[in-house]
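Protein chains in written order, with our numbering: chain A, 1 to 308; chain W, 1 to 423; chain S, 1 to 180.
Keep in mind that the hints were calculated from the coordinates and are not lab data. Treat the hints with caution; some may be incorrect.
[Unchecked claim] Partial list, computed: chain A residues near chain W (C-beta under 10 Å):
(1) LYS120
(2) GLY132
(3) ILE175
(4) ARG196
[Unchecked claim] No farther apart than 20 Å at their CA atoms in a straight line, the calculated lysine to aspartate or glutamate pairs in the DMTMM-like style are these:
(5) W:LYS193 <-> A:ASP278
(6) W:LYS268 <-> W:ASP318
(7) A:LYS120 <-> W:ASP318
(8) A:LYS39 <-> S:ASP74
(9) A:LYS31 <-> S:GLU86
(10) A:LYS38 <-> S:ASP92
[Said to hold, decoys possible] Label pairs and their computed distance ranges (CB to CB):
(11) W:GLU264 <-> A:ASP269: 24 to 30 Å
(12) S:PRO90 <-> A:ASP278: 31 to 37 Å
(13) A:GLU211 <-> W:ARG161: 45 to 51 Å
(14) A:ARG196 <-> S:PRO90: 50 to 56 Å
(15) A:GLY202 <-> W:PHE321: 28 to 34 Å
(16) S:PRO90 <-> A:GLY232: 24 to 30 Å
All C-beta atoms in this analysis are idealised placements derived from N, C-alpha and C, irrespective of residue type, glycine included.
What follows is the residue order along each chain.
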Amino acid sequence: MEWKRKDLLSLYDLTAEEIVFLLDTAEEFKKVSERKVKKVPALRGKTVVNFFVEPSTRTRVSFELAEQRLSADIVNMQAAVSSLRKGETLLDTVRNIEALQVDLVVMRHSAPGAQAFIAKHLSCGVVNAGDGAHSHPTQALLDIFTIREKKGCVKGLNVAIVGDILHSRVARSNIWGLLKLGANVTLAGPATLVPREFEEIGVRVCHNLREAIADADVVNLLRIQHERQAAGFFPSTGEYAKFFGINRETLKWMKPDALIMHPGPINRDVELTSEVADGPNSVILEQVTNGLAVRMAVLFLVAGCVKK
Amino acid sequence: MKEYIFKNARVIDPLRNIDTRGDIGVADGRIAEPAALKNPQIIDLDGKTLTPGFIDLHVHLRQPGNNMAETIASGTAAAAAGGFTSVVAMPNTNPPADTAGAIEFLRQTAAQKGVVHVLPCGCMTKGYAGEEMAGIGSLKAAGVVALSDDGRCIQDHALMRHVVEYAKSFGLPILDHCEDKALAAGGVMHEGKWSVLLGMNGISGAAEELMVARNIILARNIGWKIHMQHVSVKESVELLRNARAKGIPVTGEATPHHLTLTDECIKKYDTNYKMNPPLRSEEDRLALIAGVADGTITAIATDHAPHTSTAKLVEFDDAPFGIIGLETALPLTYTELVAKGVVTLPELVAKFTAGPAEILGFENYSLAPGRVADLTIFDPDAHYVIDKKKFKSNSRNTPFDGWNVQCRVVMTVVGGRIVYDAR
Amino acid sequence: MTLKKLLYSPTEMEDAVDRMAGAIQAEFPDGNLALVGLYMQGVPLSERLAEALEKRTGRRPDLARLDISLYRDDFGKRSALPLIRETVIPFDISEANIILVDDVLSSGRTIRAALDAVTDYGRPRLIRLAVLADRGCPEYPIRADYVGFSLFSIPENHKVVVHFNEDPEETGVFEMEWKR
């Protein structure tokens, strides 16, 4: 298998073979972070711009560390300090970035498709670090990496994704990645947050938590944002926790060896109680560790296809 | 004025139910018996089709306010190239056409720069803000042919009721953009499978359906004409069909793009597929075609909405709604509807002529001698590739560039003058 | 490929490996050393070298496998990205006597990368280089300490390829020439 993409935009675009290749590559990069010298010169002399047009701490830090461990030179741009606020178009801004002989742009943006839009116009590589509710491919890759590492394979596993699916790029990316690798996906949460239309692509939609998680090998819990309550999607986080949260009791509905995952940041006592978050089924912190390895693999492969 | 005889035409005149081989004479800007002409120029059409001039009920000329995107001059030139001899100019310009003065500007500019007839449409509410009724009587006196808050929809049903009642007393039809604001809030595309997969905010079909239903109720209760602009969902077609069967004075238009494209097109994030109402599902598209075929929808209108390439070359969320349509309407609808056998050519011609004329209350819109010589001449057998670089419009925001189509406009005659000639 | 010429047979390879083991034994009589094989063909060579050393000294040296893809200096210039293989160093590099093992020494760039890679794992006491075939045309100031075959007269545009294979037919040191 040969990697040929200069951009990573969404898992929808990738074949199962490409996803597996990324995961295999990430396994070797995971070892780099376990060494005394946690750094390789693979991207020495390459410049990466982390362009975040939407606030982010976790993803940005993970990308930055990944870039540093690959020896790339890094520039961070935030929407607040970027020229976007001065009325320049996104395309002009990124063309200006590219004119500085940048090799890769890692971008987060609130508009779905923003990265696909700029990638069409740039010769440097573009890595999607989240575009609105559409896609967050590196998060899904690290989730799937963690599942594969813990369960040995992905094919045939039952994965339940619980929470605000409607607004979640994490869910959308996971769905495509998991389906391509042969997992069975169930989406669960109140009907206001879990659109039925997902059934059209072969995903089970379920509005009852017990039903959703009973046969699950993996339960991935998505962050519930308080502003969705104000927008009328559910009455209160308390009620959400009562019917869709994972706690000591609802944990018993699951298989004993089921994994509890969460892309973070977690709302303790909303999506899950502390007992569950810090308990033996939880792999939440391992997801963070794996995120670094996955992002190193993505940056390494994508940078290798940027022709200058 | 020059006299013409258009010889050897396939003459289609839907209002008079004519579809025959023949000649049409033009003298003093009006249709005349060929035999009565003294010194005519003979134009042999060699079997090409000649019809009454096409009317587009739904055009944004952008002047005043956004001359970069379109002007009255460029927009009417595009209309002529598309075979349209009259366009209804939507009032959501900047400033909006909500006063007699604004209508006067439009009429004067159209008289100086316009290539085809510009039929002014006035706002229903001041600033099309949906709060206070505009000076509808003064607008009528200034020459508007209809009223519309297009781009927005009056949400206050009581206000809408009063506007319709008041418009009735001045004989002005209502052209309504049917959209429930709360249900459509924040939406950038049709709410359905593709909005869910793409993570975009959806505009539900219910947002349109609700307001179509509201308008049917008001039209029934008040007994006055309400026309539904750019009908896009299956349920709206069904509501219209039932209402019309009961004799309620409601009509509807369909755009060429809603008849040819669906929401799936958006998966590449090309902002030339972003319009409002949005491209709907395939099921909706087929229902719309059925509505056109069975006469529920009596007009095809373009919703010609020019935007500069700068305005469209942005993130999908941030792009303005709308595409241009004047120069592609006939070939697209011919290729989709006539070439595929869904409607006959005379039926399609009616959607561009007798249909819209009736909605505007124009009497006897036909090729009868003595009528104003507005003529559209086209060649249904011509196959070609749409090339946006050749458009007369100031804007190029079309998703149809490169499409293979059939039926080319050959000539457009406005008031007896040839304003477009592609021979 | 228009030419594939066998330069040395499997038996000759075995002899060469034994000669190299002898030279290593002379320098490290106590057998306190570690062999680090470089992917791809350096790995099977290091295993054979370890066996030969064990026969001579009775002590099997530590063995490691090293992938140097992340340390290459031609990143982005190659048409295809290398597959990254598993690096396994099951001992502490610090203060170890390291012998890098590769099949062919040509430009010296692989060894340059390997030196960087190894030192990222620790600070060895010393590093030596063992190669089965030395082409004698290094682009960097790098020389081998233990050499099986000196192949200084092979034209530069020809390739020297070492195969270790189950099938003895496929095993050997070959000279190859590609023509478009």
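Hints, verified against the model:
1. LYS120: Holds - the Cβ of LYS120 (chain A) comes within 10 Å of chain W, reaching about 9 Å at its closest.
2. GLY132: holds (5 Å)
3. ILE175: holds (9 Å)
4. ARG196: holds (9 Å)
5. W:LYS193 <-> A:ASP278: Violated: LYS193 (chain W) and ASP278 (chain A) sit about 37 Å apart, past 20 Å.
6. W:LYS268 <-> W:ASP318: With Cα atoms ~15 Å apart, LYS268 (chain W) and ASP318 (chain W) stay inside 20 Å; holds.
7. A:LYS120 <-> W:ASP318: OK: LYS120 (chain A) and ASP318 (chain W) at ~17 Å, within 20 Å.
8. A:LYS39 <-> S:ASP74: Since the Cα atoms of LYS39 (chain A) and ASP74 (chain S) sit roughly 18 Å apart, the hinted pair holds (cutoff 20 Å).
9. A:LYS31 <-> S:GLU86: holds (9 Å)
10. A:LYS38 <-> S:ASP92: OK: LYS38 (chain A) and ASP92 (chain S) at ~16 Å, within 20 Å.
11. W:GLU264 <-> A:ASP269: 24 to 30 Å: violated (41 Å)
12. S:PRO90 <-> A:ASP278: 31 to 37 Å: Given about 33 Å between the Cβ atoms, the range holds.
13. A:GLU211 <-> W:ARG161: 45 to 51 Å: holds (48 Å)
14. A:ARG196 <-> S:PRO90: 50 to 56 Å: Holds, at about 53 Å.
15. A:GLY202 <-> W:PHE321: 28 to 34 Å: holds (32 Å)
16. S:PRO90 <-> A:GLY232: 24 to 30 Å: Violated - the Cβ-Cβ distance for PRO90 (chain S) and GLY232 (chain A), about 59 Å, lies outside 24 to 30 Å.
The structure shown violates the earlier hints numbered 5, 11, 16.
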